[in-house]
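Undergrad: If you want the building blocks of each chain, they are given just below.
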Amino acid sequence: MAIAKAERLMNLALCLMNTRRPLSKKELRESVEAYREAWQQGSEDAFNRMFERDKDDLRELGLIIDVDENALDGEVGYLARRDRNRLPEIALDAEEAAALALAARVWQQAKMSGAASGALQKLRAAGVPFAEEREHGALEPRIPGREAAFEPLLVAARDRRPVTFEYRKAGAATAEPRSVEPWALECWRGHWYLAGWDRDRGSARVFRLSRITGKVRSRAGAFTGDVPEHVDVRAVVARFAGEGATATAVVRIRRGAAYPLRQRALDDARPVDADWDELDIPYGNGLGADLAEYGPDVIVIGPEDLRADVIDRLRAVAGLAEVQS
Amino acid sequence: MSNAIDQTRRMLSLVTYLRERPGAEVAEVARAFGITERELIGDLNVLPMCGTSFRGGDLLDIDTDGERIWWHNVDDVAQPLRLAADEATALLVAARAVAGLPGLRERDRQALTRAVAKIEDAAGESAESAARIGVTFEAEGTVFADIDRALSEGRLIWLRYWSHGRGELTEREVDPIRLVTEGHTYLEGWCRTSEDRRTFRLDRIAEIKVLDEPANPPRLQPRDLSAGLVAPDADDPQVVVEVGPGGRWVAEYYTHDSAEELPDGGLRITLRSAEPSGLRPLALRLGRDGRITAPPQLAEQARTAALAALEHYRDGQV
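Protein chains in written order, with my numbering: chain W, 1 to 325; chain E, 1001 to 1318.
Bear in mind the hints are in silico, worked out from the structure with no lab data behind them. Careful, some of the hints might be misleading.
As a list, the in silico DSBU-like pairs of lysine-lysine whose alpha-carbon atoms are at most 35 angstroms apart [claimed, not checked]:
#, chain 1, residue 1, chain 2, residue 2
1, W, Lys-5, W, Lys-215
2, E, Lys-1209, W, Lys-55
3, E, Lys-1209, W, Lys-5
4, W, Lys-111, W, Lys-215
5, W, Lys-111, W, Lys-55
6, W, Lys-55, W, Lys-5
7, W, Lys-111, W, Lys-25
8, W, Lys-5, W, Lys-26
9, E, Lys-1209, W, Lys-111
For clarity, every value in this text was computed on a predicted model and none was experimentally measured.
Assemble the whole structure, with the sequences as input and the hints as a guide.
TA: Shown next, in the form of structure tokens:
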């Protein structure tokens, strides 16, 4: 039976950490049984591929592997120096440790959740006083990550690698190819967004991850433009979501109705008669849809374009206008 | 379940951890590492197959009788390892997000903020890419703090709550169970009024009182939230929504059974809802971007509501 990958990685890691001088590939092949097997039963090539992949995997786990091109009479040597790989002294008190342990549980996405518990394990091994028992708190913050594009974009933003993907803009019938230098990812109201440089459009853009269709592909080469010091994904997304509005709408709301809408009012409600109040609401993107939700409990007084938008929506639902579907 | 990468990461930490704790108990170590005893025993079976140096011959000398773990190597074969970029990012992004949660107790916020600074220091350059990821949790701070207090003191809550589906403010008594944040923050509790487990969005709580009466929620299995906060029952009635390209967002916001592509770039979305009439706001919201095709009563309710609303705009009205 083939030797399990985890065992092979452990052996490689321990070899590289417990040597004072760089080791050649041949020495590593001789001392790690799985490599010897791959070499004997497979080929030089099979071993080489396995070795390269394993080094990458260990680097993902944080191991710094120095490569000395000319260590052993012209042969390449590998070494994971103790001093470069040691976690520096870290003194967390029990309260800080408990707060961190709660935060580490918030990731729902497999890669980040694995990374967070891996970090806690390293800290625990270094003596940080985490409680042995995992308490079931009454507070449960969760960071989702269901979108398939999340993981590849996370890695691309981390390594500053350009990517390409197919993207379906809001309301578009089909997806279009995009070529993007990913700057930052932001999770807002439970959805992930990417900000980056859109190479074809020559400008900064924000993408919603759930609208990326198909695979995210990593491209060779570096970013062509500078990454801004501060990327405010949230401000852009919030603007699309109707926040940061500059205009004001006047609406009438039936007394006792549409509580969430009343919460958005700029000032106190003005009673119109026994049944209706008049309110000023910030007028941003998407307000027409928000108002239509309340049906006969809301009347738009103005502006005229908002009033027309709501009437049009209502006519479609009433069957008086064509629905595009 | 753990993949080879996670298992390797864990075993590297175990090697250091166990060496410091001769005779450590299997059950305790498994709990500390957040794994099952079976997984730990799996790790302990792999470790003795690992050499301690390239010279060969010396293997990790660890054994267990299934209850305790013994460590025999004399040499220091491992050390606490530096954090990887992903590890530092996962911790820092999460810690910053939780620290920014409105309503979090000040003491917890300060502890987190201190922890973040220390992790940043210890992580060094691994912490750099954490700045490229941001997460914002939303909550209504004062409501959050009231519920948090009710939870810690074990007290009943009275709510005036906006029921979006029914379109009205309702009064309820709720035994709080937990606060869940995913984008927005929700109170999960036992609603005495409807005698059922309910989820309340904090921004729809119009008024809250923490009562003197002790909370006494029935013993319930914590709900599995992995599929989303709103998990319909298998026998809930089906709702079918057909949307054009402009209504595709429905599939992103509503937990659904299926979303079938339509030739025009739209979707036919099938979902389930305990009370389909609660989807009337959605039906009204869609406008030209889509319509409810089943159940017919829901489509009819939306149509009636739209006609009633249009009455307001007839000549001579406002």
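Undergrad: Let me make sure I understand: some of the numbered hints might not hold for this structure. Which ones are they, in numerical order?
TA: 2, 3 and 9
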